[in-house]
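Number of protein chains: 2
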Amino acid sequence: MTEVEAKKPQESLQDRLAQVVELLHRHRLVEDLAHRQEGQHQERVENLVHRQNLVELQRKLEVLHPADVAHILEALPLDDRLTVWQLVKSERDGDILLEVSDAVRETLIADMDDHEILAAAKDLDADELADLAAELPRDVVHELMETLDAQQRERVRSALSYEEDQVGALMDFEMVTIREDVSLEVVLRYLRRLKELPGHTDKLFVVDYDGVLKGVLPIKRLLVNDPEKQVAEVMASDPVTFHPDEDAYEAAQAFERYDLVSTPVVDKSGKLIGRLTIDEMVDLIREESESEVLSMAGLREEEDIFASVWKSLRNRWAWLAVNLVTAFVASRVIGLFDGSIEKLVALAALMPIVAGIGGNSGNQTITMIVRAMALDQIGTGNSTRLLRKEAGVGLLNGLIWGGVIGLVVYWLYDSWSLGLVMTAAMTLNLLLAALMGVLIPMTLARLGRDPALGSSVMITAMTDSGGFFIFLGLATVFLL
Amino acid sequence: MTEVEAKKPQESLQDRLAQVVELLHRHRLVEDLAHRQEGQHQERVENLVHRQNLVELQRKLEVLHPADVAHILEALPLDDRLTVWQLVKSERDGDILLEVSDAVRETLIADMDDHEILAAAKDLDADELADLAAELPRDVVHELMETLDAQQRERVRSALSYEEDQVGALMDFEMVTIREDVSLEVVLRYLRRLKELPGHTDKLFVVDYDGVLKGVLPIKRLLVNDPEKQVAEVMASDPVTFHPDEDAYEAAQAFERYDLVSTPVVDKSGKLIGRLTIDEMVDLIREESESEVLSMAGLREEEDIFASVWKSLRNRWAWLAVNLVTAFVASRVIGLFDGSIEKLVALAALMPIVAGIGGNSGNQTITMIVRAMALDQIGTGNSTRLLRKEAGVGLLNGLIWGGVIGLVVYWLYDSWSLGLVMTAAMTLNLLLAALMGVLIPMTLARLGRDPALGSSVMITAMTDSGGFFIFLGLATVFLL
Chain Z
1 MTEVEAKKPQ
11 ESLQDRLAQV
21 VELLHRHRLV
31 EDLAHRQEGQ
41 HQERVENLVH
51 RQNLVELQRK
61 LEVLHPADVA
71 HILEALPLDD
81 RLTVWQLVKS
91 ERDGDILLEV
101 SDAVRETLIA
111 DMDDHEILAA
121 AKDLDADELA
131 DLAAELPRDV
141 VHELMETLDA
151 QQRERVRSAL
161 SYEEDQVGAL
171 MDFEMVTIRE
181 DVSLEVVLRY
191 LRRLKELPGH
201 TDKLFVVDYD
211 GVLKGVLPIK
221 RLLVNDPEKQ
231 VAEVMASDPV
241 TFHPDEDAYE
251 AAQAFERYDL
261 VSTPVVDKSG
271 KLIGRLTIDE
281 MVDLIREESE
291 SEVLSMAGLR
301 EEEDIFASVW
311 KSLRNRWAWL
321 AVNLVTAFVA
331 SRVIGLFDGS
341 IEKLVALAAL
351 MPIVAGIGGN
361 SGNQTITMIV
371 RAMALDQIGT
381 GNSTRLLRKE
391 AGVGLLNGLI
401 WGGVIGLVVY
411 WLYDSWSLGL
421 VMTAAMTLNL
431 LLAALMGVLI
441 PMTLARLGRD
451 PALGSSVMIT
461 AMTDSGGFFI
471 FLGLATVFLL
Chain A
1 MTEVEAKKPQ
11 ESLQDRLAQV
21 VELLHRHRLV
31 EDLAHRQEGQ
41 HQERVENLVH
51 RQNLVELQRK
61 LEVLHPADVA
71 HILEALPLDD
81 RLTVWQLVKS
91 ERDGDILLEV
101 SDAVRETLIA
111 DMDDHEILAA
121 AKDLDADELA
131 DLAAELPRDV
141 VHELMETLDA
151 QQRERVRSAL
161 SYEEDQVGAL
171 MDFEMVTIRE
181 DVSLEVVLRY
191 LRRLKELPGH
201 TDKLFVVDYD
211 GVLKGVLPIK
221 RLLVNDPEKQ
231 VAEVMASDPV
241 TFHPDEDAYE
251 AAQAFERYDL
261 VSTPVVDKSG
271 KLIGRLTIDE
281 MVDLIREESE
291 SEVLSMAGLR
301 EEEDIFASVW
311 KSLRNRWAWL
321 AVNLVTAFVA
331 SRVIGLFDGS
341 IEKLVALAAL
351 MPIVAGIGGN
361 SGNQTITMIV
371 RAMALDQIGT
381 GNSTRLLRKE
391 AGVGLLNGLI
401 WGGVIGLVVY
411 WLYDSWSLGL
421 VMTAAMTLNL
431 LLAALMGVLI
441 PMTLARLGRD
451 PALGSSVMIT
461 AMTDSGGFFI
471 FLGLATVFLL
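Residue numbers (the UniProt record's numbering), protein chains in the order written: chain Z, 1 to 480; chain A, 1 to 480.
By construction, these hints were calculated from the structure, which means they are not laboratory data.
Predicted model, so just to flag it, every value in this text is computed and none were measured.
Warning: the hint list may mix true and false statements.
No copy is singled out in the list; a pair is fine if it fits within one copy or between any two copies.
27 angstroms max Cα-Cα, derived DSS-like pairs, lysine-lysine [what the hints assert, rightly or not]: (1) Lys268 - Lys122; (2) Lys229 - Lys214; (3) Lys195 - Lys214; (4) Lys195 - Lys89; (5) Lys214 - Lys60.
The following block holds chain Z by itself, in its conformation from the complex (with noise of 0.2 angstroms):
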């Protein structure tokens, strides 16, 4: 796909979305004037003004970068959207198709019929088609293919053959070789003769006659180095490459702490087959950070804020349920000592603080060592350590703020041994909270399991019937 040069917004995204908004909304005032006066003369006025209101909008998106039409195609509602969607030139439909969040494109693309799509999709490079074409209908794929050389056609099938998280899926196939026994000067005039250069090419590939890498050859060593020397003299022989099955959040991060901005893709025999781009690699960290915070409270990622009741329903579905079934738990632990609230009901009145405190200070916790696992702070060597450390915060908490709420239970309900107890089960809950807070994410993790996930449910789940139970014992065994 041709680059669009971006040029610097006279308003911000914030600005530019409320303009949309309120065109939008003239649009849609006209329209139901026009619905409620059905007088003939009425009608062809308003939908002159209705049809104005289009055009201004039209002419706004027109200016804008695929990018920002695509921001703004994710803060409208459905109706709206779809109203935008509509009014964009059809030769920019795949960039913005690529831009947009995996929801908000189920509703674009669902909006199309398949000449359309056809046609959106035509202009785009073989990894972009690759990106879009699972959520495209199975014949619109079967054509596009049909429309690609052999090579174009290989390459869409080699991305479609990796997972999501795979290198392998994000490399794009723009690159630009060269050999390693000519001089600066010839590569100079090699790249003249191309009409133009892929985005972030900050350098060029050094391949064999096999196509095996041999090193690669940033432009800033072209440029200032004398055209006479040979590319073999200038290049880095030794450079950071991936292969295309290995994880794609590794080599994002491997982007992030050498700051790279493009690298060679190589398969087993070192063969250059892609290339990976910051720009990709900067969506992917976003990703990821995302699906942390929307997984750690038992969200998927596929909702957008528009989204159907019926959508949103089903993506807090899952976790919700789990979380019935973790309160219903609590419940009956209480339950178990009915006789006991009976006899002393301030107990009822003080069980949540303690199953809430735990509660808040196990997400604490929990938040800290997830964080740290997404980063790969925590190996083997170091859990005990840790677990240590968080129980030490957990007990000094405990004491502390347990001993503040024990005084205060003592002072109003006058009875000093509630208040021990209110503290030793406050100090109790809280060293749960911390032993749960690093043992949950690590378990998950030795079992292969996302760490993130629902963590926050799991921890208001112990440290609530964890939290009753020790309460209540206590006060079953020393007060009653």
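Please build the complex by placing chain A on the supplied structure of chain Z, with the hints as guidance.
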């Protein structure tokens, strides 16, 4: 600072971390032995082994990229961290300090004397120096400034004059500038006279004699165009630029949207004063997402996973205290219904279910909203709509899951009226959770606060107190 060309690492980060930990453990073991067996001969042997371990460790560290050393330092407890830090060759100290997180940097600098700090900082660029300055001892900063020339000193001062979240604090000064009235050939010759180009130079900045930015010349265009052409013919004259007082995170989002590698920074009069590069922006994107996760849980960013127990306590203190107050309020709400619970003790067992599900569901909503706000997807126009949607989800979830739980309660306690109260209370509390999940972050944002800050604690407070009040209130009115 000279750039280190990143080489393909032989092992994964995890493996390298494990090896370092292994060597450190061996080193500690031998140290312990040496302490216990005080025999003269023994000691000499142990010392030898001991030194061998350290030498092996040092060799391992030497070949690592500064970013990798930084990663290892982050993942080690304080004592091990300082052992490794002392082994790292001092000329790399500056690079490594730039790569570690603020919390870890503080521990490393605390371990260095003024002389070492000076040595580490003397090769840094003005912008890098400014990044570190806040954490260095005053005397050292003063002494460092003395060694700089006037321009460099001015740059450090200017970088320090901006807030951490402004573009000015993140820009660097490594710009290659050219004039518009020369040919590309002249530009190429000019570049060849430079020893090297700054990292991330994907475009040259075209300025007039007053230093005012006229456009940018992408390197790609420089390479593919006829060298006879003038810069003015080839350059992009309306590039994306930033002002130093703009919000850095918005700049980062623009980098992400427009796939930028570098952009000029200009002052009010259009004069070129610096540039932003993608590597800084990636770090910022990462930090922003992290601080979002952490602040939702009521954590500040400054805690590294091996911070002392005392530091961790301080980090988590504030929100735990808030939580204590909110939990106490919830407890008082229950206290209002003492009499009802005494009459029907089942209420005590059931009330946490209402509160718990509400908290979980509220957290799901608030996570969605905070995320959408971070992505600028929520504006003035669409908040009512969002509120309506979330209320719809809450209502349906309440009716469905509340219905299920109502049936279970009927079956357990053999009371259809208790079951109905349960269903009604769950529905109302889920509605409350939905409304608060939307309104809390929006209100925070309208007050100019971070919408993520402690949002999880606040929503839980609402759904706890609210849940108890709704359930016990309904029960008191309809059951007793």
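Here is what the structure says about each hint:
1. Lys268 - Lys122: neither (32 angstroms within a copy, 43 angstroms between copies)
2. Lys229 - Lys214: within (17 angstroms within a copy, 34 angstroms between copies)
3. Lys195 - Lys214: For Lys195 and Lys214, both the intra-copy (25 angstroms) and inter-copy (25 angstroms) Cα distances are at most 27 angstroms.
4. Lys195 - Lys89: Only inside one copy: Lys195 and Lys89 sit 26 angstroms apart there, 47 angstroms across copies, limit 27 angstroms.
5. Lys214 - Lys60: between (48 angstroms within a copy, 26 angstroms between copies)
Checked against the numbered hints given earlier, the structure breaks only hint 1 and satisfies all the rest.
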